[in-house]
Amino acid sequence: MSSVALQRPLRLASRALVFGAVAFVLGWVLFYARSTNFGPFIHDQRNFTITLLNGITFAGLLFIVASGFSLIFGLMRVVNMAHGSFYLLGGYIAYEVQQGMTGQGFAIPSTDVTTWEWVAPLLVAAAIIGVVGLIVQQVFLRWNQGQDLRQALITIALSVIAADQVVAHFPRHVPAGALRFGGIAVSLTWPGWTDRFVNLHVFGVQYSLQRLVMLALGVSVGIALWVWLYRTRTGTIIRAGVDDREMTSALGVNIQRTFAIAFIVGSSLAAFGAVVGSSQAGVSSGVDGQWLLNSLVVVIIGGMGSIFGAVAGSLLYGLVFSFSAVYLPTTSDNCCAQYSIVFTFALLALVLAFRPQGLFGRAG
Amino acid sequence: MNLLAGGTKSVAERSFAAAALILALVGPLLFNEYWVSFILTQTFLIGIAAASLIFLSAYGGMVSLSQTALFGISAFALGNMVTQGEAKGLHLGWNPWLSVVLAILITTAVGLLFGAISSRSAGIYFLMITLTYSVIGTYFFGQVTIVSGFSGIGGIDNYTPSIVGSPTTQPNRLYYVALVVAILAYILIRYLVRTPFGLALQGVRDEPVRMSSLGFNVALHRTLAFGFAAFVASLAGILFAWWNGTVAPDTIGLQSTIDLLVICVIGGLRRVEGAWLGAFAFIVINNYVRDVSVPVLGGSFNTIIGLIFLVIVIVSPDGLMGIWDRLWSLGRRRGGSATGPVAATPSGSHG
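Protein chains in written order, with our numbering: chain A, 1 to 364; chain B, 1001 to 1351.
Here chain B stands alone, though its shape is the one from the complex (with noise of 0.2 Å):
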């Protein structure tokens, strides 16, 4: 019984999976340019960003609140390199694949720094150093005017690799390389949980005083699981640089910060899909409530989010997957299978 329920429900998300990925695939046939530009577009890039943070809270028991700071390295870094001429930052008119690489590697680099910094450190703690790792870069960018300075680097967009083109009058291009990259980190992620590497990482989160005995480096592993997120949230800042054209220290500030801990909450904290989910629900959100007027209490959208994501945390810590999960428990109960205890996610705490 138990078997049979787990298997629709790996059957359900798998059907779910395809209709998305085929309709995110025929996107651009279906929808207006608006949401194919705007909204699918930066669903895809943010989400990468989501779940660079969602692997590490979910595979290392690390909630990073830095992970914006790392996007906004790797943005800042691809903005000074490729940029020439009038712009601001370095301006050194690098060749554009030449600069992606460097960037990937940059950032990558100053990851597994940070990483370092704070693989001694779990749980709350963890929280409290990269949240200010975050607003360190931020001001990093803000007060460090060669590289970047107040009003950010704008013109990205005109030095991209030719298979982007231009994303302002060939969005598509920007779409289908999202979309990859897209499924390429997703593939990326669940292949190196399934790996030996991953597999000490889960050890490490549940038990690190036991790993630690049995030889496993704890600190090292850590390290190297930021490091790769550090990766993946890269390839997000790369994809937001073209996308946006522009990047700013404001991108990165501290509200970014905690909008991506929105989403990634939002999509559920322990599995990796509700990254995209999470990103999708926020823009949607974000893009639609922006004129909003909330009444009684006054204020714009962000209250808005704010009660949500206040919601959200009260009545299911584990974001939509979570709630989706538990319906399946639920169904599984009323079932009549009484055997075992229900794989219901406990709304403890991750940390």
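So here's chain A without its partners, still in its complex pose (with noise of 0.2 Å):
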């Protein structure tokens, strides 16, 4: 009787905490912001714009790592734990052929790169990470479809494997004379015609056109995606899967054909994501753990399986990232301290609390 009599005001009082932090936050970075490094956005637009571009552009990255993550939860209540290896091992591949077909060596000059020869380690990449994501479905979780969390197990037993054979392998392209460190940092290059700043015009603002072109991608993966689940029969097949396994394959699809497909598209969307962030800030042993958080986080905030909760996760979770990294006020004895995880856990347990499903997630 009083749990329900209490239910109201409880529902009340959590909004009320919702949209107090949420306007705290807001009024903290736009008037007030004292003794952090920029100020507020009223004393400074010009940092306010790039830290809110950090966010976005970060954002299409996040979006093309966890919207594969989230696809193959969606359709086959997969937690692919081995996402971030799939990232790892993505990004050294792209590292490899890129070295390869430019024979530049290490670190090559942005002059240097073509725009195919960005494209060329990308497909390879992704292709070859499809096929591996083919194998693991394949041979590990078919078999056992409906056991979650013995397949949480399978994938994480997967991922400490293959990190410790990435270590053993990669990267192959060393500086002449050097040691080769397993897992050591290496990173793709962009094109050449990236390598600028735009102005764009807004309080004076010249922003890295990679950034952008990071952004473009991220929504480019967006509509494929969004084109390719409402508008094509696969697509179709692929959301009624989501909805109903059982029911979908009873009306004679090939429901394990659909899976193998989505598992494909999935596993390439996390070498895609490392081609990218790759260029963007290096791979090294590592990244797995941090790119499995990213995509946990995304789809735990967005809702699982739904790509609309896979943008607005990723949005929240770039913008959050990007502004704590600034925001904050910093003391000068303690130069270094960063909280910004805080406001991640923060943001996570805030969404949570009120809607354990994730934003987009429906209940159940």
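Hints in this document: simulated from the structure, not taken from any laboratory.
Where hints are given, some of them may not hold.
[Claimed, not checked] Every beta carbon over 12 Å from chain B, so not counted as near; a handful from chain A, in silico:
#1 49
#2 182
#3 203
#4 208
#5 209
#6 240
#7 353
[What the hints assert, rightly or not] The calculated label-pair distances, taken between Cβ atoms and stated as ranges, are:
#8 B:1203 with A:254: 34 to 44 Å
#9 A:362 with B:1011: 43 to 53 Å
#10 A:13 with B:1146: 26 to 36 Å
#11 B:1197 with A:13: 38 to 48 Å
#12 A:142 with B:1010: 30 to 40 Å
[As the list claims (entries may be wrong)] Residues from chain B that keep clear of chain A, each with C-beta distances beyond 10 Å, as calculated:
#13 1015
#14 1020
#15 1021
#16 1033
#17 1125
#18 1157
#19 1166
#20 1170
#21 1187
#22 1214
#23 1288
#24 1299
#25 1309
#26 1310
#27 1327
Note that beta-carbon positions come from the ideal geometry of N, C-alpha and C, so glycine has one too.
Hints in hand, dock the two standalone chains.
Below you can see the structure in the form of structure tokens.
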């Protein structure tokens, strides 16, 4: 009795809490922001805009990787804990291909990279990781459908092996005369034409074209996924499978083939994201865990298996990530403590406390 | 027949347990110092952390990957409070016992918070959410340099209570402390699951909707269970801080999180005893396979650990304890008892 009577005031209080938190954050960033690097928006529009763009462009990258994770989960209920490993492996494969193509060795000046020398590694990495994903699905995940914990454990085991194997075998191209350290940080190089800053004519912001390309790629992947899922026959089948696997199968659809396709596409997206991410920030042993976390946070916030959820999750996470890195007060005696991770947790906690299924997820 | 078979099984288990206990009690007389201070002490304390995970999994249906983070929180809290002088962190220099109590309280409080946030999720969602807690915990201690920073806090073993002494020169003391705490943790878990709370928790695991309509607060039960597991994990964290002397963000990184899960899976996610069995197997394998190179594939012992993990998950999802249970039920079937279903553990999903 009391719990029912309590529900309404509790719901109101929780809404007030969310609105209060959002209002406080907005007010802080826009008007106050004492003792931060840049100060509030009203004093420094330029850096605010740059931080905003950093968040949105990072969200583009987040979306590419996390949408693949979400697609696989939505259709097959498989939490692919090896998604980060696919990212790691994809990044290194693309690096090797680019090194082989340009023949430059290690740090390639971006003026020497043509568009094709960036796109070809992307295609090769995406294709190889797509095949790897297919093999993983067929060998390890096909015979135990519905045992979600067991499947998660299997992919964790695979990610442990993959992480170690990558350290043992990559990178293969190292600077001449240098010792080969397994899993050392290497980076892909963007095509030469992207290596400049564009004038946006907004508050005098000059912004990196590479990051804008990153956003454009994220948006393109989003649009392509939307067209595929909502405007083609395969996509319709996949959405039907997400809603009701048995019913779709009973209607004569070869659901196993659909699963395989979704797994190929989802894994390839991890490699796609890895190529973009490694061009921006490099790839090294350890990014697998980082990108597994990123994918998890995005889909937990946005709701599992929903493409719009992945968009919302990427944007929220990207913005919180980029703003909390620079709009938190710093004190002189402690220059380097970063509390941004606390805000990632707060975002996650806030969403889960009020919508356990995520923003766009469906209950159950 | 069934009764008899069940009886012999529990007799066998009890004799094994008694033998293991006696061996453990006289351990320092039998084994060399390396085994006592390195392998066995580590087994006891890591087993406690694993037991907290298995408790949640077996009785609450919640496979938590944040036990490593909670374990680390208690070790970091202890390190911050107890050290002084040049150490990293807050180096408050408080009384060791006070610090231990506070570290346990802080970890339990964090556990209750974690549990409350994820209490409306179950199964695979729970796994994902707790994994993010774990990774966030690692980054927290790496980034917030006031309480730790990348290199972590060292020298905790210099500030132990007098009963523990110096873990480096008096390893037997820590050995027995860890053994006693492990036994107490085991008894506490076994006791708790028989209390009304523990029974309700198992009801929540199997039938959350029905329990909810019977008037049980499902979210509260999960939260409290999580808080209790955090308490158990905090004990392991404190023992670890004494044993290792140093705690760093890397101690509780993704690798360690997965290692703890591997331990639980090797032992078996359904029985608390498996925690120490899994810890022992893992630590021994880890210790003796470290320098072996993998044929054909290449790579280090992590590939071997991963392969063992993979094989166990595929062949026997309930780990060594599951194999043990299955052997008995096989024997029972051979014995001609056709009555009733065999109590073999279903190799289905736990979520």
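Status of the hints after comparison with the structure:
1. 49: Holds, since 26 Å exceeds 12 Å.
2. 182: Non-interface label fails for residue 182 of chain A: nearest chain B Cβ at 9 Å, not farther than 12 Å.
3. 203: holds (30 Å)
4. 208: Per Cβ check, residue 208 of chain A is outside 12 Å of chain B; nearest 25 Å; holds.
5. 209: holds (30 Å)
6. 240: The claim stands: residue 240 of chain A keeps its Cβ more than 12 Å from every Cβ of chain B (closest is about 22 Å).
7. 353: Its Cβ does come within 12 Å of chain B, the nearest being 6 Å, so this is violated.
8. B:1203 with A:254: 34 to 44 Å: At roughly 41 Å between Cβ atoms, residue 254 of chain A and residue 1203 of chain B fall inside 34 to 44 Å, so the hint holds.
9. A:362 with B:1011: 43 to 53 Å: holds (51 Å)
10. A:13 with B:1146: 26 to 36 Å: Cβ of residue 13 of chain A to Cβ of residue 1146 of chain B: about 32 Å, so the range 26 to 36 Å holds.
11. B:1197 with A:13: 38 to 48 Å: violated (28 Å)
12. A:142 with B:1010: 30 to 40 Å: holds (39 Å)
13. 1015: holds (32 Å)
14. 1020: Residue 1020 of chain B is indeed farther than 10 Å from all Cβ atoms of chain A, at 27 Å.
15. 1021: Nearest chain A Cβ is 31 Å from residue 1021 of chain B, so the label holds.
16. 1033: holds (31 Å)
17. 1125: It is violated; residue 1125 of chain B is separated from chain A by about 8 Å at its closest Cβ, not greater than 10 Å.
18. 1157: holds (26 Å)
19. 1166: At roughly 32 Å from the nearest Cβ of chain A, residue 1166 of chain B sits farther out than 10 Å, so the non-interface label holds.
20. 1170: holds (36 Å)
21. 1187: holds (28 Å)
22. 1214: Its Cβ never comes within 10 Å of chain A, the nearest being 13 Å, so this holds.
23. 1288: Non-interface label stands for residue 1288 of chain B: nearest chain A Cβ at 17 Å, farther than 10 Å.
24. 1299: violated (4 Å)
25. 1309: Residue 1309 of chain B not clear of chain A: closest Cβ-Cβ about 4 Å, inside 10 Å.
26. 1310: violated (4 Å)
27. 1327: holds (21 Å)
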